[in-house]
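K.L.:
Take a look at the letters that make up each chain.
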Amino acid sequence: MYVAVKGGERAIDNAHRWLEDERRGDRKVTDLSVDQIKTQLSLSIAKVMAEGSLFDPELASLAIKQARGDLIEAIFLIRAYRTTLPRFGVGQPINTDKMIAKRRISATFKDLPGGQLLGPTFDYTHRLLDFKLLADGSIDEFEPGKDTEQMFQHVTQFLNNEGIIETEETSSSEAESPDLTRQPLEIPANRALRLQALTRSDEGFLLGMAYSTQRGFGRNHPFVGELRIGLISVEFEIPEIGFNIEIAEIEISECETVNQFLGSKTHPPKFTRGYGFVFGQSERKAISMALVDRALRWKELGEVSDGAPAQDEEFVLYHGDNIQATGFVEHIKLPHYVDFQAELELIRKIRKTAFEAKKG
Amino acid sequence: MSNSEEDFNFAYLDEQTKRMIRRALIKAICIPGYQVPFASREMPMPYGWGTGGVQVTAACLQETDVLKVIDQGSDDTTNAVSIRKFFERVAGVKTTENTGKASVIQTRHRIPEQVLSEDQILVYQVPIPEPLRFLEPRETETRVMHALEEYGLMHVKLYEDISINGEISTAYAYPVKVNDRYIMDPSPTPKFDNPKMNFCPAIQLFGAGREQRIYAVPPYTKVISLDFEDYPFEASRAEKTCEICGATNTYLDEVVIDDKGTRMFSCSDSDYCNSQKS
Ligand SMILES: [Zn+2]
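Chains as they are written, first to last, in our numbering: chain A, 2 to 361; chain B, 20 to 297.
Treat the hints loosely; a few may be bogus.
Said to hold, decoys possible - For lysine-lysine, the following DSSO-like pairs were computed, each having C-alpha atoms within a straight-line distance of at most 27 Å:
no., chain 1, residue 1, chain 2, residue 2
1, B, Lys176, A, Lys353
2, A, Lys350, B, Lys176
3, A, Lys334, B, Lys279
4, B, Lys259, A, Lys353
5, B, Lys279, A, Lys353
6, A, Lys66, B, Lys104
7, A, Lys359, B, Lys176
8, A, Lys350, B, Lys196
9, A, Lys350, B, Lys279
10, B, Lys104, A, Lys334
11, B, Lys259, A, Lys350
What the hints contain is simulated information worked out from the structure, not anything from laboratory work. Source: prediction; values computed, not measured.
Turn these sequences into a full structure, and let the hints guide you.
P.N.:
What follows is the structure, encoded as structure tokens:
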């Protein structure tokens with residue numbers, strides 16, 4: 002006796018209740034607070050803010066809690082919220098020269114004005130599990146020195162002065178800096194649009210792409226000219242009052258790579274640049290982004306493409322968004338039985354014809 | 020403006036976004052079968068789960084509309100339930116399972132069996148809007164092919180199918196030509212449904228959210244499934260009878276009903292099946 006597949010609605014309701022129960026977990030353990038996430042999981046928050054394209058540590062923390070720590074799910078929550086917000090204008094260009102950096106390093110110069118500032122980095126930690134953290138060990142407070150309260154000139158500026166690195170062209174109009182979240186992505190994209198797409202691309206995707214260039218798939222000989230992390234202010238011009246006001250102070254990571262360039266028919270030999278800019282402390286992604294940015298620039302620099310994946314604008318820009326990717330990859334778990342039925346009928350028919358031909 | 024849920028505008032999207040989508044829809048209606056790029060928004064459901072269809076429906080809905088949502092032909096499949104609940108919540112519109120009573124029908128993978136009327140809008144959820152995509156992965160290339168009406172690649176593919184398998188081996192998302200101009204993907208409906216698109220009295224709208232494309236077939240427009248004179252298109256179905264309502268002309272689901280693999284066949288369109296029973 003066939004029982005019609007009814008009850009989808011009740012099944013969904015129950016799934017939601019079960020999910021909530023599992024999210025909360027063992028009730029004997031204290032509920033995780035959004036404040037705890039905000040202050041102690043700041044690198045997760047950085048990822049959610051960067052890939053969600055919304056700088057709001059509080060909402061990012063809430064999303065991480067609601068998503069049970071699944072960061073792509075959290076990014077999705079932030080994106081779905083962000084899209085409901087009105088866009089009330091374009092901020093002033095951010096000047097990272099004015100950053101109050103907590104970390105600033107250069108791999109191209111041993112020393113330089115302002116010096117190298119390591120900041121709170123994992124770099125030289127030995128990756129040994131710290132079992133003290135299993136117990137509630139208290140941690141001494143750290144007071145950073147005066148070094149951290151200064152602004153640093155950009156390292157590439159020293160190369161600029163010598164004319165040995167390409168100068169960046171700044172885009173001045175809105176047409177030159179389109180908004181990826183308000184217009185459909187169309188290829189070819191200009192660099193501003195590419196950088197927008199890269200900064201909200203999945204960190205893992207960019208990491209893999211960047212790594213592939215280092216292994217020869219579109220090699221671009223990078224040095225980390227400078228990596229800096231710190232606070233910068235965001236300003237917005239209010240037309241009614243006619244001047245800029247500071248609307249936020251945000252933490253960002255910026256990476257400028259200096260890349261070898263032997264020259265081409267159109268450009269004399271000089272160093273070229275790759276650029277990475279990401280919300281929060283996300284230096285792995287900032288470096289990856291700079292490498293991929295440089296790889297994508299082959300056409301405008303008059304280079305010959307190797308045909309490598311990281312040099313392929315359409316490939317990189319269409320496949321780096323983890324919210325698009327996760328939705329489409331996972332949608333194949335939705336019912337497809339109508340299509341499967343059509344395939345079944347077709348395969349049966351073709352097989353029948355083939356068997357008959359064999360017999361005949 | 021907002022009604023059922025204070026935090027959201029009617030039908031979730033803000034009015035500016037709806038205007039942007041409506042402009043794309045009007046353009047799509049004016050150029051039947053042409054894929055219009057639009058600034059698809061992130062929706063509170065995943066890409067690939069109907070975000071394009073949901074945005075098109077949201078842009079079409081008015082407070083007096085009656086909405087029906089189906090997936091695989093049925094109103095009770097989980098994703099159809101989820102999308103219907105979404106619109107009940109954010110638009111507060113009436114919903115129905117009755118095809119004849121709906122003014123807007125959002126669908127995934129099927130066209131209802133009942134002939135649609137001039138007062139109705141059929142909104143399709145589309146995963147990959149480009150019919151040439153699996154022959155040419157680059158969007159930059161396929162857009163040029165459409166512009167030049169350069170469809171040789173598609174005909175070669177269909178020809179190769181016949182030479183290898185003795186017939187065109189596309190069972191769903193079977194390509195159509197609209198208004199003698201654009202080759203269009205009908206969305207992953209079984210090819211059984213293709214003839215229903217031809218000179219359909221209802222407006223047919225297609226939304227692909229992730230791919231940021233909208234396209235349309237206006238009422239009473241010629242929609243022809245691609246074929247060859249000596250291998251004419253055939254709208255195939257399982258050669259069985261619905262074991263619930265006895266219909267012999269509907270698209271059927273094949274259901275495994277015991278561990279021995281016994282099959283039973285019943286209408287995929289659950290509303291149609293119910294109406295035939297009584
Ligand atoms: Zn039936």
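K.L.:
Indicate, hint by hint, whether the structure satisfies it.
P.N.:
Now for the hints, and whether the structure bears them out:
no.: 1; hint: B:Lys176 with A:Lys353; result: 22 Å, holds
no.: 2; hint: A:Lys350 with B:Lys176; result: 19 Å, holds
no.: 3; hint: A:Lys334 with B:Lys279; result: 25 Å, holds
no.: 4; hint: B:Lys259 with A:Lys353; result: 17 Å, holds
no.: 5; hint: B:Lys279 with A:Lys353; result: 23 Å, holds
no.: 6; hint: A:Lys66 with B:Lys104; result: 25 Å, holds
no.: 7; hint: A:Lys359 with B:Lys176; result: 25 Å, holds
no.: 8; hint: A:Lys350 with B:Lys196; result: 26 Å, holds
no.: 9; hint: A:Lys350 with B:Lys279; result: 23 Å, holds
no.: 10; hint: B:Lys104 with A:Lys334; result: 20 Å, holds
no.: 11; hint: B:Lys259 with A:Lys350; result: 14 Å, holds
Against the hints set out earlier in the document, no violation occurs for any number.
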